[in-house]
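Enquirer: Chains as they are written, first to last, in the numbering used here: chain Y, 55 to 271; chain X, 55 to 271.
These are computed hints drawn from the structure, not numbers from a lab.
None of these values were measured; they are calculated from a predicted model.
All C-beta atoms, glycine included, are put in the ideal place defined by N, C-alpha and C.
Treat the hints loosely; a few may be bogus.
Derived DMTMM-like pairs: lysine to aspartate or glutamate, alpha-carbon spacing no greater than 25 angstroms straight-line [stated by the list, open to error]:
1) 172/X x 181/Y
2) 74/Y x 245/X
3) 74/X x 245/X
To spell it out: a stretch of chain X is covered by chain Y in this simulated footprint if at least three of its residues, at any positions, have a beta carbon under 8 angstroms from a beta carbon of chain Y; those stretches are [what the hints assert, rightly or not]:
4) 72-86
5) 133-139
6) 248-260
Here's the letter readout for the chains.
Protein chains: 2
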Amino acid sequence: MKRTNVSNNVIRRLPRYLRKLDDLASKGEERISSDKLGRQMGLTPSQIRQDFSCFGEFGQQGYGYNIDFLRREIGQILGTYRGYSAILVGAGNLGTALVQNFDFIIEGYAFLGAFDIKPEVIGTQIDGFPIYDVKELRSFVREHKVDIAILTVPRHVAQELTDTLAEAGIRAIWNFTNTELDVGDSGILVENIHFSDSLLVLTYHLAQLDDREKHDA
Amino acid sequence: MKRTNVSNNVIRRLPRYLRKLDDLASKGEERISSDKLGRQMGLTPSQIRQDFSCFGEFGQQGYGYNIDFLRREIGQILGTYRGYSAILVGAGNLGTALVQNFDFIIEGYAFLGAFDIKPEVIGTQIDGFPIYDVKELRSFVREHKVDIAILTVPRHVAQELTDTLAEAGIRAIWNFTNTELDVGDSGILVENIHFSDSLLVLTYHLAQLDDREKHDA
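Bound conformation, chain Y alone (with noise of 0.2 angstroms):
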């Protein structure tokens, strides 16, 4: 599988793909054509065909791909199928939302619990999850060789955390504090989640339309 130089533009595309073949599949859909997916994705054929030919050929001409072939390509490439180990740090509301909302072990991770630093939620459980206290961050990760810690702590405790995290061998962080954490040359791989941004795009279209709309009147 060709995995070198691909951009990070078809990379944050891959999971836009694997949904909608999600939802086709889901739908009984069995092939798909690259003019079809492209319409309903807003992309162009010749783009689908580009991003897939970064990783190899999965179509063959005038016959549209596999849905179930391409999911599966698409979920290797991703590495949703390796079952890396996955913690959260902070059952507050959006931890515990998350892991209600996501099944990690479907989804192809291990996920091992969470940790907190209230008395009153460790020893109690999110979802049949064990809820530990946060002193035994380290050890665990350590002993664990936890791959990733979903990070939901307030934000003046992130970097401290992190910098837990860092020490305990942690290999990526997916940091939902909105602060940026600095993790010095440790090559701890970092996604952060800025829920603003969405809404900002949001605002933006109403805006865009409020001044059309002014502008007609």
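Mind docking chain X on chain Y? Use the hints.
Expert: Frame of chain Y, contents of chain X only:
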């Protein structure tokens, strides 16, 4: 202000610029060159100049950009100062986390309250904002001409509530339900948050590191 034919890629970069500029301002910086801004954001200086040129000229040759001016201009373009009204539909863990972690009023929105179906939360508050009975949703949206609904309900009721919001004349939906909403020809703007996309990108990079290590070993 020019607004026409701005590409989606440029629009999606504007919130990133805003975050970066806020960050620079909070560190006491007053000016920045497109070179330096580009390096810090992983963009080329010409990309940055091109992005900003979509909306007119913000910088002076050889003198860089005034950070405060640029922040205000981008805020204007994004419509953050227009005081759009917003409500939360679904006062569960995710909705509560959003209201607690986002200061809608400071960000320029008028947050009016939340709606839920659970008797035990109706009449209580989130962060000082009232939680109303979802039965009142339609009349409330009509009466207050609400602009934006933040949809954080379970998947299986997402479409039903979208229909209610559409009938009541909502203008935009910020959709956290991880399901595609059908808004027909209502013209309602929808912006979807897909948490899993970001986790998959992280997983891709982990898998790539693993393959590289295996290859080098």
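Enquirer: If a hint holds in the structure, say so; if it does not, say that too.
Expert: So, going through the hints one by one against the coordinates:
1. 172/X x 181/Y: Holds, at about 20 angstroms.
2. 74/Y x 245/X: holds, 16 angstroms
3. 74/X x 245/X: holds, 22 angstroms
4. 72-86: With 3 residues closer than 8 angstroms to chain Y, the region 72-86 of chain X meets the three-residue bar; holds.
5. 133-139: holds (count 4)
6. 248-260: holds (count 13)
No hint from the list above goes unmet by this structure.
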